Amino acid sequence: MELLRDRKNLLVVAGLGSTAWDITAAGDSPLSFPTWGAMGQAAMMGLGLALAQPRRRVLVVTGDGEMLMGLGALATIGVQRPANLSVVVIDNERYGETGMQTTHTAHDVDLAAVARACGFKESKIVTRKNQIGPLRSLIHEKRGPLFAQIKVKAERLPLVLPPHDGVVLKERFRAALLADVLPEKL
Amino acid sequence: MGWPEQVHRSLCAAGVRIVGYVPDAGHKRLIELCRADKTMRAVVLTTEEEGIGLAAGACLGRQNSVLLMQSSGVGNLVNVLGMVQVCRFPLVMIITMRGEQGEFNPWQVPMGRATPRVLETMGVAVRRASDAREVAPLVAAAYKGGQATAVLISQSVIGIKSFQEQRTQ
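Quick mapping for you: the protein sequence lines, in order, are chains G and C.
Going by our numbering, the first sequence opens with residue 1, and the numbers climb by one from there.
Going by our numbering, the second sequence opens with residue 187, and the numbers climb by one from there.
It should be emphasised that the hints constitute simulated quantities derived from the structure, not laboratory data.
Just so you know, these numbers come straight off a predicted model, no measurement behind them.
Don't be surprised by glycine CBs; every beta carbon is placed ideally from N, CA and C.
Possibly wrong hints are sitting among the right ones.
[To be verified] Derived contacts from chain G toward chain C, CB cut-off under 8 Å, selection only:
| # | residue |
| --- | --- |
| 1 | 44 |
| 2 | 160 |
| 3 | 170 |
[Claimed, not checked] Okay, the calculated beta carbon distance ranges per label pair:
| # | chain 1 | residue 1 | chain 2 | residue 2 | range |
| --- | --- | --- | --- | --- | --- |
| 4 | C | 223 | G | 154 | 45 to 55 Å |
| 5 | C | 199 | G | 137 | 51 to 61 Å |
| 6 | G | 180 | C | 232 | 46 to 56 Å |
[Claimed, not checked] Per the computed footprint, the stretches of chain G lying under chain C, defined by three or more beta-carbons under 8 Å from a beta-carbon of chain C, are:
| # | region |
| --- | --- |
| 7 | 45 to 51 |
| 8 | 76 to 82 |
| 9 | 98 to 106 |
| 10 | 124 to 130 |
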């Protein structure tokens with residue numbers, strides 16, 4: 001997963017389904033929180049995390065179906081304008097886990113335009129592989145909030161499953177954050 | 187000091203920095219206090235459900251939060267409370283009740299009546315404040331309990347008896 005190459009101190013929340021598998025395939029980390037439910041909440045979790053940890057960069061990676069279920073979050077995030085938050089939608093225009101039914105984005109709903117209208121400083125649609133590297137730089141460096149909708153082919157990629165114990169996922173994230181902060185305080 | 191001022195103090199004492207809310211008349215004063223408080227970030231939500239994601243993210247980020255809403259919003263929380271249960275997020279919600287004795291809007295009654303059972307069904311501990319003096323201590327206790335907790339403030343405590351009264355709040 002090109003987006004997560006050299007992730008350094010990035011905090012990552014992944015929406016359920018293939019985006020959760022994808023971030024795990026890129027290399028699971030305690031500072032990744034893959035969701036297995038709560039569809040519609042990935043972006044809001046990113047907001048909560050970004051507000052709680054203003055000195056860290058936060059990336060939400062999610063699917064089009066999951067983003068559509070929580071579309072209001074783009075307005076809520078737009079109002080708060082967290083500079084350290086990026087929301088990236090991997091848009092295959094399908095509900096991947098339920099039989100590949102088309103989502104609204106297959107019928108021309110433009111999520112990047114919605115994000116822009118909600119106040120995201122930077123909002124783009126990505127269609128080419130060579131645009132991913134620059135996007136990765138923006139995620140790490142640019143003053144956000146940032147939104148990107150990456151159009152991808154609807155295909156079944158190999159499954160790499162993250163842990164599904166929610167308490168384990170929560171505690172490993174919180175412990176890893178503490179471990180990250182302590183050296184600065186010494 | 188009224189209950190909103192006392193609750194604001196309890197929230198400060200609990201280290202709450204993130205306040206998610208869908209405005210309602212009963213929470214008007216507490217929302218004002220949180221918005222004016224420079225140590226707190228008050229986040230207006232398009233739907234109460236967003237508050238769960240917000241609180242979960244805050245918890246991952248090692249920050250305490252609170253959600254303020256009316257009972258009518260509880261119905262918007264159900265599925266996502268599943269994540270709260272599975273991950274054991276220590277969520278705290280303060281909920282002003284509608285649909286109780288003296289309610290003027292019949293559309294408020296179903297969700298008002300269902301609120302305690304919906305919350306309990308989804309694994310949230312429910313605490314009831316029937317008197318203004320009970321609210322802040324229940325909120326303080328919620329932050330010590332380590333479990334998802336909803337403090338319900340009875341409609342009689344809020345005291346709004348008509349649409350006109352609500353509008354002039």
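Now for the hints, and whether the structure bears them out:
Evaluation of the residue 44 of chain G hint against chain C yields a held restraint, the C-beta minimum of about 3 Å falling below 8 Å. Using the Cβ-Cβ criterion of 8 Å, the hint placing residue 160 of chain G at the interface with chain C is not satisfied: the shortest such distance is roughly 21 Å. Given the 8 Å rule on beta carbons, the hint for residue 170 of chain G holds: about 5 Å separates it from the nearest Cβ of chain C. Here the CB-CB span from residue 223 of chain C to residue 154 of chain G is close to 47 Å, well matched to the stated 45 to 55 Å.
Distance hint check for residue 199 of chain C and residue 137 of chain G: the Cβ-Cβ separation is about 42 Å, which falls outside the suggested range of 51 to 61 Å. A beta carbon spacing of about 32 Å between residue 180 of chain G and residue 232 of chain C contradicts the range 46 to 56 Å that was offered as a hint. A count of 7 residues in the region 45 to 51 of chain G with a Cβ less than 8 Å from any Cβ of chain C is obtained; the coverage claim is therefore met, three being the minimum. Taking a C-beta to C-beta cut-off of 8 Å, the region 76 to 82 of chain G contributes 3 residues in contact with chain C, enough for the three needed, and the coverage statement holds.
Counting residues of the region 98 to 106 of chain G whose beta carbon lies closer than 8 Å to any beta carbon of chain C gives 0, which falls short of the minimum of three for the stated coverage. A stretch counts as covered by a chain when three or more of its residues have a beta carbon under 8 Å from one of that chain; for the region 124 to 130 of chain G and chain C the count is 0, and the coverage is violated.
Hints 2, 5, 6, 9 and 10, counting from the list given before, are not met by this structure.
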